[in-house]
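So for the sequence shown, our numbering puts the first residue at 1; every next one is plus one.
One or more hints might be untrue.
[What the hints assert, rightly or not] Now the in silico label distances, taken between C-beta atoms and shown as ranges: (1) 265 with 122: 54 to 64 Å; (2) 236 with 164: 17 to 27 Å; (3) 24 with 150: 27 to 37 Å; (4) 121 with 35: 28 to 38 Å.
Simulated from the structure, these hints should not be mistaken for laboratory data.
All figures in this text were calculated on a predicted structure; none of them were measured in a lab.
Ideal Cβ placement from N, Cα and C applies to all residues, glycine included.
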Amino acid sequence: MEEAVKQGIVLITTYGLKILGAILILIIGRMMASWTQGAVDRWLKQSKRVDETIRAFLSNVARYLVLIVTVLAVLSQFGIETTSLIALVGAAGLAIGLALQGTLSNIAAGVMLLSFRPFKVGDYVEAAGIAGTVKSITLFVTELATLDNVQILAPNSQVWGATIKNYSYHSTRRVDLVMGIDYSDDIDKAIDTVHAVANADPRVLKEPAPMVVVGHLGENSVDLTIRVWCNAGDYWPLTFALKKMIKQRFDKEGITIPFPQRTLHMVKAEA
1 MEEAVKQGIV
11 LITTYGLKIL
21 GAILILIIGR
31 MMASWTQGAV
41 DRWLKQSKRV
51 DETIRAFLSN
61 VARYLVLIVT
71 VLAVLSQFGI
81 ETTSLIALVG
91 AAGLAIGLAL
101 QGTLSNIAAG
111 VMLLSFRPFK
121 VGDYVEAAGI
131 AGTVKSITLF
141 VTELATLDNV
151 QILAPNSQVW
161 GATIKNYSYH
171 STRRVDLVMG
181 IDYSDDIDKA
191 IDTVHAVANA
201 DPRVLKEPAP
211 MVVVGHLGEN
221 SVDLTIRVWC
231 NAGDYWPLTF
241 ALKKMIKQRF
251 DKEGITIPFP
261 QRTLHMVKAE
271 A
C-alpha cells in the first residue's frame with residue numbers, strides 16, 4: 001500500500017507539473033494567437049490597398065501559426081521529440097501542396113489581386129481572353145459579367161498571369177471612328193460637318209479638342225479619322241450616337257458615304 005502511494009506521488013510530481021505547464025502553455029498560446037490575429041488585422045487596416053478579404057485571410061494565418069507553435073511547445077513539454085514531427089508535417093504539407101498546386105496558385109494570385117488592386121468591383125476589364133464588368137474578387141476566382149449579363153468565373157491564376165486591360169481605370173476615354181466619304185465630295189466641308197456634330201454634343205469634352213483628319217485614301221473612299229474625348233461612362237452611348245448623327249448630317253449636307261465599287265473597262269475585240 002505504501003509502495004503504491006509512493007508511486008502515485010511520484011507520478012503526480014513528475015507528470016502533474018508537466019500537465020499544469022502544458023495547460024498554462026495552451027492558455028498563453030491561445031491568448032497570444034488571439035492577440036496576434038487582432039494585431040495583424042489592425043495593422044492591415046491602416047493600408048487602404050489591402051482588401052477586407054485578404055486582411056481576414058492573413059490575420060487567420062497568423063493566428064494558426066501561433067497555435068501550431070503552441071501545440072509543438074506542449075508536445076515538447078511531455079518529452080515528445082518535435083523535430084521528427086515537424087519533418088513529418090513538412091512532408092505532408094509538401095504532398096498536399098503538390099496535390100493542390102492549382103488551388104494554391106489561385107490563392108496566391110488572389111492575394112496579389114487583392115493587394116495590388118489592378119482593378120476593383122465595378123470596373124470593365126479584359127483579362128485572360130475574357131471581358132466584362134467585375135462583380136467580385138475572392139481568393140480563388142474573379143467573377144465577371146459580360147455585356148449580355150453572362151456570369152464568368154475566371155481562376156485568379158489565369159487573370160493575374162495575363163495582360164489586364166482596365167477600361168474604367170481612367171476617368172476619360174477616347175472615341176475613335178472612321179467615316180468614309182466619296183472622292184468627289186468636298187473634304188473640308190466633310191471635316192467641318194463632323195466638327196459641328198461633335199461640338200454640339202455635350203458629352204464630347206472640349207479638352208483635348210476633337211480631331212478630324214484624313215486618315216487613309218482607300219480603294220473606294222476617303223477615310224476620315226475622328227477622335228473625340230469623353231467621360232468613361234459616356235463611351236458607348238457617345239460612340240453609337242456619333243455614328244448616327246454624322247450619317248444624318250452627311251445626308252443633309254449631300255456628303256456621300258460610298259459603297260464598295262469596281263470600275264470595269266470593256267474592250268471590244270475586232271472581228
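- Message: Quick check: does the Cβ-Cβ distance between residue 265 and residue 122 fall within 54 to 64 Å?
- Response: holds (59 Å)
- Query: So does residue 236 sit 17 to 27 Å from residue 164, Cβ to Cβ?
  - Reply: holds (20 Å)
- Item | Cβ distance range 27 to 37 Å for residue 24 and residue 150, holds or violated | The hint (27 to 37 Å, Cβ to Cβ) is violated, given that residue 24 and residue 150 are roughly 58 Å apart.
- Task: Could you check the hint for me, namely that residue 121 and residue 35 are 28 to 38 Å apart, CB to CB?
- Result: About 32 Å separates the Cβ atoms of residue 121 and residue 35, which means 28 to 38 Å holds.
This entry does not satisfy hint 3, going by the numbered hints stated previously; all others are met.
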